[in-house]
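Under my numbering, think of the first position of the sequence shown as 1, with each following residue one higher.
For the record, the hints were derived by calculation from the structure and aren't laboratory data.
Honestly, I wouldn't trust all of these hints.
[What the hints assert, rightly or not] Between beta-carbon pairs, the in silico distance windows are:
{"#": "1", "residue 1": "86", "residue 2": "33", "range": "47 to 55 Å"}
{"#": "2", "residue 1": "86", "residue 2": "60", "range": "19 to 27 Å"}
{"#": "3", "residue 1": "28", "residue 2": "104", "range": "47 to 55 Å"}
{"#": "4", "residue 1": "57", "residue 2": "107", "range": "16 to 24 Å"}
The C-beta atom is built at its ideal place from N, Cα and C for all residues, glycine as well.
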Amino acid sequence: MALSATRVHWLRTVVTSLRAALTAAALTLLVGLGTVSMLTAPQPPAAQIGLSVEDEATSRLLEHNNCSTTGFDPDVIPTTAVIRDEAGQTRVVSFDHGWAVFNNERPGQLVAVCLGPGAATAGKN
1 MALSATRVHW
11 LRTVVTSLRA
21 ALTAAALTLL
31 VGLGTVSMLT
41 APQPPAAQIG
51 LSVEDEATSR
61 LLEHNNCSTT
71 GFDPDVIPTT
81 AVIRDEAGQT
91 RVVSFDHGWA
101 VFNNERPGQL
111 VAVCLGPGAA
121 TAGKN
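Between the sequences and the hints, there should be enough to build the whole structure, so can you do that?
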């Protein structure tokens, strides 16, 4: 019993479609498993990714003084600033001093503006 040309063509179409669907499913599964393995991989501790003691000290300084590196809402007025001077030292200065650094009127680099120790931080951007 011979198969007609129409049935052979239909059978080829089904097989080709099935093969394409299986290939797409296998690739999707492969990408999904790769993504899951990347997301669930343990993260290295900060000491192993190059955070220096100075970076940790700066982070503590910013947190202690309620600082923001992006600024505050317009109705919130910072009282101090954190700058990095020409020697690379990070220190807390008055807001006016920090503003002068920001405007290149004084040497250094503005790191953050701060509300000061114990101040509320609701106005951070």
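Evaluated hints:
Restraint check, residue 86 to residue 33: a C-beta distance of roughly 51 Å satisfies the suggested window 47 to 55 Å. Between residue 86 and residue 60 the Cβ separation comes to about 23 Å, which falls inside the hinted range of 19 to 27 Å. Evaluation of the 47 to 55 Å hint for residue 28 and residue 104 yields a pass: the beta carbon distance comes to about 53 Å. About 21 Å separates the C-beta atoms of residue 57 and residue 107, a value consistent with the hinted range of 16 to 24 Å.
In this structure, none of the earlier numbered hints is contradicted; all agree with it.
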